[in-house]
Amino acid sequence: MGNITSKFPASHTESPQRGRSTSRSDRRSQRKMEEEVVFPMPSPVTSGNSSSKGKTSRKLKLIDGRGFNDGELVNPKYMLPVDDLECDRLTIQHYSLRNYSAPIKEQLEKGISVLDSGCGTGIWCLEMGTDYPNSTFVGTDIAASFPIDIHPSNVSFFNADTTVELPFPDETFDYVFQRMLTLAFSVDAWESAIKELIRVTKPGGFVELVLHTLSARNINGRMSLQLGDRLIEHGLKDVTTSYKVIPTGWSGRIGELTGQVLQAAIPATKPVLLQIMAISEEEFDAMATEALREFPQYKTVNDVWYAFGRKPMEKEGV
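Residue 43 is where the sequence shown starts when you use my numbering, and the numbers rise one by one after that.
These are calculated hints, taken from the structure and not from any lab test. Misleading hints may appear alongside valid ones.
[To be verified] No more than 25 Å apart at the CA atoms, straight line, and that leaves these computed lysine-lysine pairs for DSS-like:
#1 286 / 244
#2 279 / 152
#3 147 / 279
#4 237 / 357
#5 152 / 244
#6 244 / 279
#7 286 / 357
#8 286 / 147
#9 357 / 244
#10 279 / 357
#11 147 / 244
Hey, can you work out the whole structure from these sequences and the hints?
The structure is reproduced here in structure tokens:
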């Protein structure tokens, strides 16, 4: 469905062999044209359930009126829906966070290749693509909630699962970004995801992870506190971590936005949590109402952690 064209060095025109049997991503055709690499765009997930707002159509499974991902790329542990209401929530969440922390502003202005893993609605790519027209932005997600036809010419999107394999050769991107996927990965999946993000990063490029802190079933909600250590363990240099305490449902505009994010997120988890908790809808609604009431009462905050590191050049070693 169209092509994404990125100004990568000519040395990246061939997908390296990675010691595995030939897969669909390994077989994708690539050709060199004026020192540019052209990656064929994978076909988006389609069905009769099409979304609005210019997004691609998506194959959804309806549970209690909410649309959950029912395509080939499905994460059974992910408890949030992928419908338009969830897209609206992700948009609000985007505006409560800063865009990036890694020291790459000058590079972005000059022109680099950037990956947004787990891009959701694609809003980060869309805004960054507008702000930095000389750079190329690629978003990936298991759910096709991103726009296919309406976006800046330097922005493209792929259906892909970071925990399995991203459809790009080694050392493709100068900057790899992943944000707020706390609920998306199990404990074991994090190891695969970080390795895959580093694989597609060029030597000298940066990997940045952003997470909030929580605790859930087989979900490493404390992963946010381990981000820096994990990047160091995987050989990244100049690792820097920081965190931001965000008021939730109180204290100005940011607190209001964060409160709206959780106000939308709690009901969104109801179809899945009703089965896990074995409670009635009435009980869930009462608990949700009480939780939302307590946010301003007890001055609830949301800790968001940022960590970035640089992939070493070959001469530096690991």
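Hints, verified against the model:
Distance check on the hinted pair: residue 286 and residue 244 sit about 28 Å apart at the alpha-carbon level, beyond 25 Å; violated. For the proposed pair residue 279 and residue 152, the alpha carbon gap of about 23 Å is at most 25 Å, so the pair holds. As the CA atoms of residue 147 and residue 279 are separated by approximately 19 Å, the hinted pair is consistent with the 25 Å bound. Pair hint residue 237 plus residue 357 holds up; C-alpha atoms about 20 Å apart against a cutoff of 25 Å.
For the hint linking residue 152 to residue 244, the alpha-carbon distance of about 17 Å falls within 25 Å, and the restraint holds. Distance check on the hinted pair: residue 244 and residue 279 sit about 13 Å apart at the alpha-carbon level, within 25 Å; holds. Distance restraint check for residue 286 and residue 357: the Cα-Cα separation of roughly 35 Å exceeds the 25 Å cut-off, and the hinted pair is therefore not satisfied. Using a Cα cut-off of 25 Å, the hinted pair residue 286 and residue 147 holds, with the two alpha carbons roughly 20 Å apart.
Of the pairs offered as hints, the one joining residue 357 and residue 244 holds, with about 14 Å between alpha carbons and a cut-off of 25 Å not exceeded. About 13 Å separates the Cα atoms of residue 279 and residue 357, which keeps this hinted pair within 25 Å; it holds. This hinted pair checks out: residue 147 and residue 244 have alpha carbons roughly 17 Å apart, not beyond 25 Å.
Hint compliance for this structure: hints 1 and 7 are broken, all remaining hints hold.
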